[in-house]
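Peer 1: With chain A fixed as given, assemble chain B onto it according to the hints.
There are 2 protein chains.
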Amino acid sequence: MSDQTVKFMLGEQDIPTHWVNLMADLPGDAPPPLHPGTQQPAGPDDLTPLFPMALILQEVSAEPRIEIPPPVREAYKLWRPTPLYRARRLERALDTPAHIYYKYEGGSPAGSHKPNTAVPQAYENAAAGIKKLTTETGAGQWGSALSFACMLFGLECEVWMVGSSYDQKPYRRSMMETWGATVHRSPSDVTEAGRSQASHPTGSLGIAISEAVEVAAQNGDTNYSLGSVLNHVLLHQTVIGQEALAQMAMAGEEPDVVVACVGGGSNFGGLTIPFLRRVLRDGARTRFVAAEPSACPTLTRGVYAYDFGDTVGLTPLMPMYTLGHDFVPPPLHAGGLRYHGDSPLVCGLVKAGLVEPRAYRQNETFEAAVRFARTEGIIPAPEPAHAIKAVIDEAEAAREAGEPRVILFGLCGHGNFDMSAYDAYLAGKLEDPEFSEDELNSALASLPEAPALT
Amino acid sequence: MSDQTVKFMLGEQDIPTHWVNLMADLPGDAPPPLHPGTQQPAGPDDLTPLFPMALILQEVSAEPRIEIPPPVREAYKLWRPTPLYRARRLERALDTPAHIYYKYEGGSPAGSHKPNTAVPQAYENAAAGIKKLTTETGAGQWGSALSFACMLFGLECEVWMVGSSYDQKPYRRSMMETWGATVHRSPSDVTEAGRSQASHPTGSLGIAISEAVEVAAQNGDTNYSLGSVLNHVLLHQTVIGQEALAQMAMAGEEPDVVVACVGGGSNFGGLTIPFLRRVLRDGARTRFVAAEPSACPTLTRGVYAYDFGDTVGLTPLMPMYTLGHDFVPPPLHAGGLRYHGDSPLVCGLVKAGLVEPRAYRQNETFEAAVRFARTEGIIPAPEPAHAIKAVIDEAEAAREAGEPRVILFGLCGHGNFDMSAYDAYLAGKLEDPEFSEDELNSALASLPEAPALT
Numbered sequence: 005m006s007d008q009t010v011k012f013m014l015g016e017q018d019i020p021t022h023w024v025n026l027m028a029d030l031p032g033d034a035p036p037p038l039h040p041g042t043q044q045p046a047g048p049d050d051l052t053p054l055f056p057m058a059l060i061l062q063e064v065s066a067e068p069r070i071e072i073p074p075p076v077r078e079a080y081k082l083w084r085p086t087p088l089y090r091a092r093r094l095e096r097a098l099d100t101p102a103h104i105y106y107k108y109e110g111g112s113p114a115g116s117h118k119p120n121t122a123v124p125q126a127y128e129n130a131a132a133g134i135k136k137l138t139t140e141t142g143a144g145q146w147g148s149a150l151s152f153a154c155m156l157f158g159l160e161c162e163v164w165m166v167g168s169s170y171d172q173k174p175y176r177r178s179m180m181e182t183w184g185a186t187v188h189r190s191p192s193d194v195t196e197a198g199r200s201q202a203s204h205p206t207g208s209l210g211i212a213i214s215e216a217v218e219v220a221a222q223n224g225d226t227n228y229s230l231g232s233v234l235n236h237v238l239l240h241q242t243v244i245g246q247e248a249l250a251q252m253a254m255a256g257e258e259p260d261v262v263v264a265c266v267g268g269g270s271n272f273g274g275l276t277i278p279f280l281r282r283v284l285r286d287g288a289r290t291r292f293v294a295a296e297p298s299a300c301p302t303l304t305r306g307v308y309a310y311d312f313g314d315t316v317g318l319t320p321l322m323p324m325y326t327l328g329h330d331f332v333p334p335p336l337h338a339g340g341l342r343y344h345g346d347s348p349l350v351c352g353l354v355k356a357g358l359v360e361p362r363a364y365r366q367n368e369t370f371e372a373a374v375r376f377a378r379t380e381g382i383i384p385a386p387e388p389a390h391a392i393k394a395v396i397d398e399a400e401a402a403r404e405a406g407e408p409r410v411i412l413f414g415l416c417g418h419g420n421f422d423m424s425a426y427d428a429y430l431a432g433k434l435e436d437p438e439f440s441e442d443e444l445n446s447a448l449a450s451l452p453e454a455p456a457l458t
Numbered sequence: 005m006s007d008q009t010v011k012f013m014l015g016e017q018d019i020p021t022h023w024v025n026l027m028a029d030l031p032g033d034a035p036p037p038l039h040p041g042t043q044q045p046a047g048p049d050d051l052t053p054l055f056p057m058a059l060i061l062q063e064v065s066a067e068p069r070i071e072i073p074p075p076v077r078e079a080y081k082l083w084r085p086t087p088l089y090r091a092r093r094l095e096r097a098l099d100t101p102a103h104i105y106y107k108y109e110g111g112s113p114a115g116s117h118k119p120n121t122a123v124p125q126a127y128e129n130a131a132a133g134i135k136k137l138t139t140e141t142g143a144g145q146w147g148s149a150l151s152f153a154c155m156l157f158g159l160e161c162e163v164w165m166v167g168s169s170y171d172q173k174p175y176r177r178s179m180m181e182t183w184g185a186t187v188h189r190s191p192s193d194v195t196e197a198g199r200s201q202a203s204h205p206t207g208s209l210g211i212a213i214s215e216a217v218e219v220a221a222q223n224g225d226t227n228y229s230l231g232s233v234l235n236h237v238l239l240h241q242t243v244i245g246q247e248a249l250a251q252m253a254m255a256g257e258e259p260d261v262v263v264a265c266v267g268g269g270s271n272f273g274g275l276t277i278p279f280l281r282r283v284l285r286d287g288a289r290t291r292f293v294a295a296e297p298s299a300c301p302t303l304t305r306g307v308y309a310y311d312f313g314d315t316v317g318l319t320p321l322m323p324m325y326t327l328g329h330d331f332v333p334p335p336l337h338a339g340g341l342r343y344h345g346d347s348p349l350v351c352g353l354v355k356a357g358l359v360e361p362r363a364y365r366q367n368e369t370f371e372a373a374v375r376f377a378r379t380e381g382i383i384p385a386p387e388p389a390h391a392i393k394a395v396i397d398e399a400e401a402a403r404e405a406g407e408p409r410v411i412l413f414g415l416c417g418h419g420n421f422d423m424s425a426y427d428a429y430l431a432g433k434l435e436d437p438e439f440s441e442d443e444l445n446s447a448l449a450s451l452p453e454a455p456a457l458t
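Keeping their order, the protein sequence lines are chains A and B. With our numbering as the guide, the letters of the first sequence map in order to residues 5 to 458. With our numbering as the guide, the letters of the second sequence map in order to residues 5 to 458.
Since the hints were made in silico from the structure, they are not lab data. Do not take every clue at face value.
Unchecked claim - Within a straight-line C-alpha distance of at most 30 Å, the following computed DSSO-like cross-link-like pairs (lysine-lysine) qualify:
hint : chain 1 : residue 1 : chain 2 : residue 2
1    : A       : Lys136    : B       : Lys136
2    : B       : Lys11     : A       : Lys11
3    : A       : Lys433    : B       : Lys136
4    : B       : Lys81     : B       : Lys11
As the list claims (entries may be wrong) - With the C-beta cut set under 10 Å, the calculated list includes, among others, these residues of chain B facing chain A:
hint : residue
5    : Trp83
6    : Pro119
7    : Met179
8    : Ala425
9    : Ala449
We put the beta carbon where it would ideally sit given N, CA and C, even for glycine.
Here chain A stands alone, though its shape is the one from the complex:
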């Protein structure tokens, strides 16, 4: 090991003061979400049963920068700024001329990037007099982040956890309960939506969303909180990319390619949006790679269409790549990537050719994750393992081409709660599900009648 800087640290004063909103910079007009009943453009009022007005205004804002409320910035200090690392040991192991950097969000109390949006969501709901938040969670990253954030601001928290993850990751449930939350296995029998989906016992994010939305819609002092997909969620996550921009400048390098995994899009958007704005405004030549599971290949094999965000059809119709809202992906360990759709904002960027999606099998992502752990030391969550697989491909391509390449990726969480998956992988017993053309066509049959997207 040579005596070189491997970690680029910022100070508390460098935590961003504003979030970056990409809406004003997008090419063309973004198609609006539609009311699920009337199929007319949904306005702020359609969202008031679920969200406080402050978040709704962020959702629809076209302002390029939105100030971070001081109490939110104060709470960010508990784990921000997060470090940027140069992966020198991985570079050497790959014998690549590429320089690999990663922004690590696993140091937050919940172990991922999710508190970046859980905290402002809890804050704005508490400020609006709300007493309880409901939500869904896949692998448990989002549910634990919201439990943590609700604890900070004195809110109750009720979580529907996707059945397959609930069974695989019991300790994520204990974590939520340690912070004071109530956790249900989804589909549950405490909601209409859950009872209607009892025939899908492994559950899905779509089903769990239906359950949480149902309870929030029925109770005046209860709101719903979503951990990804929506504009305001991606907005909150832009603290990641803004810090990474400053840290890449400290390292004296410009990324040629920025890589992140995509489930609903909040990690991807959070890291890439500040870099994307430079591409859109200043003509910077950066590539963007979105990594997803080939068993839930929304961006690579889905269709670009209006679809519901949940399984039952309670949410607005959103313009996105989708596999059909009643698609239930196999029980991947990357629970956070098991979603039939994706953020409309990220989908628009893919549609516009600004973001290149790639899909990977479960086993090859764990192979990449173990390679990373055995060089860099940090054991990644299964979700960013998809990004690592894409990064290794990029670094090997640079070696083949004999050209330098600066790669930045988002290591959005640690794998401490995913060791059963590593155990299975190391024992050669990890499932490696695929997604056939027949399954795809069957899933897409659930697409609702709605205006076409071009």
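Peer 2: Chain B alone, transformed into the frame defined by chain A:
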């Protein structure tokens, strides 16, 4: 939340360049370790079957400062410097005038302070041409730290994990295996020592040490590595206290009391030694509190005597507080505190009245840990939960006395691998073992014939 600094960060350049050795500053002459056969003072040569000479020289050094090798300092950059936090939310919840600070070591890849010594130990062994390290581990913190460090320096790693923890924390095993280590449940059937202790199926640190030492002693290219107790281990951990000194200066405060948990003493020594030196040299008036489990009350109820470091009697006789080397503590979740003895250095400080030991029941430490998690956000490992209980007592005493008090404590690891214990605690099902006078007397009967200590 008001807009106040809660986290004190240092830069990479502030990682200490030297370790702090307290040996030269101790009052009186420290009693020497004795050879287990001859009972004569053990010299460096007695340790060569187990340790490389560089570590042996650190073990017996009286130099006040020892330089950190550049490759070690380089590896430290992967997670150091670590943050110091002001626990403002806990202070408010306790309604105390005390100011509470904590130094958090849970951000290392292995999740605790243990890599601080695992890295220099792996480095010096690799530099000496050793191919494999053996070790024991309780809760798995140390075993995973050494697995991580061996991976960094290309060494094989073989770990004996205390049976009760092996059963309670399977994912710590997966973590070690992810980094490439081999893990045995102790007592195992692959060593003489393990086979001789088959009647203690829950195991103990003492038994696991015997197994690891046996294998290292029998193989020329294999050395043994200990995660606590010895002088050179505490030495390596002083990076914690040195950083904390600088960070307390950033905060503009002097601690009145420094608190840490004690299992073998490395976390306690690492945090306190730089502060203790100021007491010994400059007459600073700082109190030191060592927190241990009342079910393994080495410092509070043990006797100060020569005893073996392991159960079978392979190690030198060490001057320490001990419960008797064949004492097998009940299967506490704080596996890292289940040790019959303690660091001779820390024991000498207790004997000299410089350190006040306190013992706590398992349930009251989890109550403190949940209180901490529900205010500060970080979920503590069960070991530092003992320190948190002591801190809450100190803060409440300050409130009762109506006086300011600055408290610093070591939060030496996160509880991500201990959620089953939190689960049991929250369900009201956590065992709360005590340690009777009869059990104490029975354990002490195993003390070897050896020169008396005064």
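Peer 1: Of the hints stated earlier, which fail here?
Peer 2: 1, 9
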